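Enquirer: Chains as they are written, first to last, in my numbering: chain A, 2 to 115; chain B, 194 to 816.
What the hints contain is simulated information worked out from the structure, not anything from laboratory work.
Wrong hints could be hidden among the right ones.
Reference excerpt, derived from the structure (chain A facing chain B, CB under 7 angstroms, subset only) [stated by the list, open to error]: (1) G29; (2) G51; (3) G75; (4) K76; (5) R79; (6) Y80.
Chain B residues, not near chain A, derived (Cβ > 10 angstroms throughout) [unchecked claim]: (7) A218; (8) T259; (9) L260; (10) R584.
In this text the structure is predicted, and so the values were computed from the model without any measurement.
Heads up, the beta-carbon is just placed ideally off N, CA and C, and yes, glycines get one too.
Chain residues, written in single-letter form:
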Amino acid sequence: MSKGRYLGELEQLVLLAVLRLGRGGASGMTVRRELEERARRSVTIGSVYGTLERLEEKGMLGSWRGEPDPVRGGKARRYFRVEPAGVAALRDVREQSERMWEGIELAADGGESS
Amino acid sequence: VRPPPVARRLWKALAPDRIADDALADLDEEYRLYKHPELGPLRASLWYWLQVVGALVAVHTKYRRTLRSPRSDLRGREGREWTMITTLGQELRTAVRTLRKAPSFTLFAVATLAIGIGATSAIFSVVDAVLLTPLPFERPEELVVVGGRRADSRSEVSRVSGPAYADFLGLETLRELGAAYVIDANLTGGERPERVAVALVTHDFFSVLGAAPALGRPFEPADAGVDIGYVAVLSHGAWQRMYGGDPAAVGATVEIDEDPFTVVGVMPEGFTQPAQSAGAPIDAWVPFDPTSATFGNRRYRPLDVYGRMREGTSLQQARSEFGALAQGLRELYPDVYPAQDEWNLAVLPLLERVVGDVRTTLLVLFGAVAFVLMVACTNVANLLLTRGSARARELAIRSALGAGRLRLAELALMESLLIGLAGGALGLLLAVYGTDALRSLAATDFPRVQDAVVDGRVLLFTLVASLGASVVFGLAPMLRYSDPDLRAATVEGGRGSSGSRSRVRDALVVGQIAISLVLVISAGLVVKSFGRLLAVDPGFDTDSRCRCGCRDPTSRRRGGSSPRISGSECSTPRCSGWRASRASSGPPSSRTFPCARPAAARSRWRAPIPVSAASPPSRRSGR
Numbered sequence: 002m003s004k005g006r007y008l009g010e011l012e013q014l015v016l017l018a019v020l021r022l023g024r025g026g027a028s029g030m031t032v033r034r035e036l037e038e039r040a041r042r043s044v045t046i047g048s049v050y051g052t053l054e055r056l057e058e059k060g061m062l063g064s065w066r067g068e069p070d071p072v073r074g075g076k077a078r079r080y081f082r083v084e085p086a087g088v089a090a091l092r093d094v095r096e097q098s099e100r101m102w103e104g105i106e107l108a109a110d111g112g113e114s115s
Numbered sequence: 194v195r196p197p198p199v200a201r202r203l204w205k206a207l208a209p210d211r212i213a214d215d216a217l218a219d220l221d222e223e224y225r226l227y228k229h230p231e232l233g234p235l236r237a238s239l240w241y242w243l244q245v246v247g248a249l250v251a252v253h254t255k256y257r258r259t260l261r262s263p264r265s266d267l268r269g270r271e272g273r274e275w276t277m278i279t280t281l282g283q284e285l286r287t288a289v290r291t292l293r294k295a296p297s298f299t300l301f302a303v304a305t306l307a308i309g310i311g312a313t314s315a316i317f318s319v320v321d322a323v324l325l326t327p328l329p330f331e332r333p334e335e336l337v338v339v340g341g342r343r344a345d346s347r348s349e350v351s352r353v354s355g356p357a358y359a360d361f362l363g364l365e366t367l368r369e370l371g372a373a374y375v376i377d378a379n380l381t382g383g384e385r386p387e388r389v390a391v392a393l394v395t396h397d398f399f400s401v402l403g404a405a406p407a408l409g410r411p412f413e414p415a416d417a418g419v420d421i422g423y424v425a426v427l428s429h430g431a432w433q434r435m436y437g438g439d440p441a442a443v444g445a446t447v448e449i450d451e452d453p454f455t456v457v458g459v460m461p462e463g464f465t466q467p468a469q470s471a472g473a474p475i476d477a478w479v480p481f482d483p484t485s486a487t488f489g490n491r492r493y494r495p496l497d498v499y500g501r502m503r504e505g506t507s508l509q510q511a512r513s514e515f516g517a518l519a520q521g522l523r524e525l526y527p528d529v530y531p532a533q534d535e536w537n538l539a540v541l542p543l544l545e546r547v548v549g550d551v552r553t554t555l556l557v558l559f560g561a562v563a564f565v566l567m568v569a570c571t572n573v574a575n576l577l578l579t580r581g582s583a584r585a586r587e588l589a590i591r592s593a594l595g596a597g598r599l600r601l602a603e604l605a606l607m608e609s610l611l612i613g614l615a616g617g618a619l620g621l622l623l624a625v626y627g628t629d630a631l632r633s634l635a636a637t638d639f640p641r642v643q644d645a646v647v648d649g650r651v652l653l654f655t656l657v658a659s660l661g662a663s664v665v666f667g668l669a670p671m672l673r674y675s676d677p678d679l680r681a682a683t684v685e686g687g688r689g690s691s692g693s694r695s696r697v698r699d700a701l702v703v704g705q706i707a708i709s710l711v712l713v714i715s716a717g718l719v720v721k722s723f724g725r726l727l728a729v730d731p732g733f734d735t736d737s738r739c740r741c742g743c744r745d746p747t748s749r750r751r752g753g754s755s756p757r758i759s760g761s762e763c764s765t766p767r768c769s770g771w772r773a774s775r776a777s778s779g780p781p782s783s784r785t786f787p788c789a790r791p792a793a794a795r796s797r798w799r800a801p802i803p804v805s806a807a808s809p810p811s812r813r814s815g816r
């Protein structure tokens with residue numbers, strides 16, 4: 002895996018959240034709520050946007066503006082979608098992780114048995 | 194449902210432009226749609242605030258590099274900004290230039306702050322010396338004073354008798370115990386005679402405090418003799434004055450009230466007897482035995498008792514032990530400790546005894562100057578806001594040239610910091626003079642005030658106060674400068690203040706008046722109490738009466754009450770200005786009047802001063 006495709010832990014979670022929310026629903030707020038509800042990770046909107054921007058700069062995410070939204074005071078919402086580079090990076094992470102987990106069973110006491 | 198407006202404004206001012214609007218809209222939406230209905234208004238507001246503060250920390254630390262560079266698809270306006278103002282140094286230069294262009298404003302703001310910061314720092318130097326600095330003894334937290342306390346006196350502890358001191362010696366909670374009895378005496382033997390304060394102390398007095406002579410030896414148990422021993426330890430000051438710092442002073446003979454004492458030691462510089470009520474510092478220590486027959490009367494209570502608590506013993510344990518002893522004594526000697534007095538034994542930490550009631554006074558004073566500093570801050574904030582409206586056009590141009598909200602906020606903050614630091618520097622200068630003035634003003638009223646100096650701690654306090662003040666008075670202008678509404682308003686044609694702006698200014702003025710009113714009322718009350726104190730009827734006619742004494746011109750008496758004159762001087766008034774004169778051992782309405790000491794002690798230690806070359810009593814009365 003090349004360095005450019007390295008994913009931090011929060012980056013990985015944010016990419017997954019965007020994927021889960023599908024095409025149409027991933028805004029900063031929904032990503033933040035998804036992280037909080039599903040991953041049980043409490044993060045600030047600042048960290049979410051910091052990560053989203055960083056991923057966009059790496060080319061793993063793309064964003065576009067929706068129609069002006071009356072709920073948001075007439076401002077257009079910014080949506081995010083995962084680009085092919087993001088999908089590839091996620092796949093790498095998953096494969097690497099699965100290779101490492103192969104044959105490992107965690108015992109109830111936290112130790113390792115196989 | 195509206196999210197907390199101040200938090201929103203804070204975010205708008207300090208978040209990077211690149212994400213500020215989107216993130217704010219997200220926060221608002223989540224607040225309105227989920228948090229407010231789920232959590233209720235109070236917890237939802239708390240959530241909002243935590244989000245804003247946490248997000249601001251995150252975007253300015255972890256994500257600073259990502260978010261501060263312009264987005265590739267937006268390399269327009271913000272791109273220019275990025276190349277225009279890139280570094281802190283440039284902002285600093287801009288701020289300096291702006292302030293120099295308005296010298297009268299800058300001068301006024303700096304002077305206002307300097308007064309507030311100077312006063313606060315000067316009082317802090319006193320608070321630091323009196324309240325915060327530990328006593329200059331070994332493990333000072335273990336040291337206590339023990340004294341009598343009657344039910345009607347709230348905080349003051351009185352002295353105890355020799356037999357009571359002897360009773361203390363068997364108690365468990367105190368590891369060491371020493372007693373002192375301070376008297377006025379004539380000290381001769383050096384170049385010139387002096388009237389000084391002398392302390393009779395138990396032989397282990399110095400070791401209780403964990404102090405030892407710098408020169409010579411401390412007292413030994415044998416020194417005390419039958420009731421008092423004829424050896425003495427001099428203070429550093431007396432040693433310098435009498436012997437010019439000559440080490441040969443140890444072994445020399447000094448006369449204390451015409452009795453010869455051999456000097457066996459000299460205390461180190463800076464050693465003073467703690468919690469000593471007389472004004473003058475002690476110049477000589479003489480060993481004595483308070484359990485001897487001379488001090489055998491339980492009604493005669495001359496002793497200050499110092500103790501050191503056993504390790505691991507709490508003050509509460511010591512208090513209950515002494516309380517039990519006091520109860521036993523009350524039952525054993527009902528004529529000495531009558532039931533209606535409710536006499537008891539009190540154990541006080543030494544620091545508390547030294548500081549006494551001054552703690553409250555000082556803290557009130559500190560609070561008052563802190564209020565003055567707050568008034569100064571609101572004043573400067575108001576000035577800055579007024580200037581903000583005058584500078585609206587300049588800010589609009591800056592913004593049109595591409596300065597983002599964050600940049601404008603940083604510029605405002607930089608100006609505030611510069612004003613604050615300049616005010617702090619000038620305030621420090623004022624604090625140096627103020628501390629000097631306080632030292633001489635409060636010399637007799639506050640213990641330990643002589644140690645008050647502008648040192649590193651005061652310097653640090655001043656720096657923190659200046660930075661804190663900058664943030665306090667800079668916050669409102671910072672939010673104002675970076676408000677996009679302002680830009681819109683000015684671009685449209687430079688209209689005056691909008692509604693919300695005058696609300697902030699109104700709030701500042703209201704706050705300022707409220708604080709000033711509190712200060713004025715407190716000051717008025719203090720003056721009124723002082724006036725009432727002056728008007729107290731002493732019980733005798735003070736009109737055209739005066740008190741006089743005389744002094745031996747060869748003696749140098751420092752501090753304390755005015756010198757006394759001998760009986761023969763008094764009974765033969767030779768001055769025509771006097772209608773009548775009477776003598777007493779202390780001024781009327783003082784605690785020592787009338788003086789009631791047993792004859793044995795008086796004959797030995799209350800000898801009149803030998804006035805060899807007396808000057809006539811002054812004629813200050815005029816009639």
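Enquirer: Of all the hints given earlier, name the ones this structure violates by number, lowest first.
Expert: 3, 6, 7, 8 and 9
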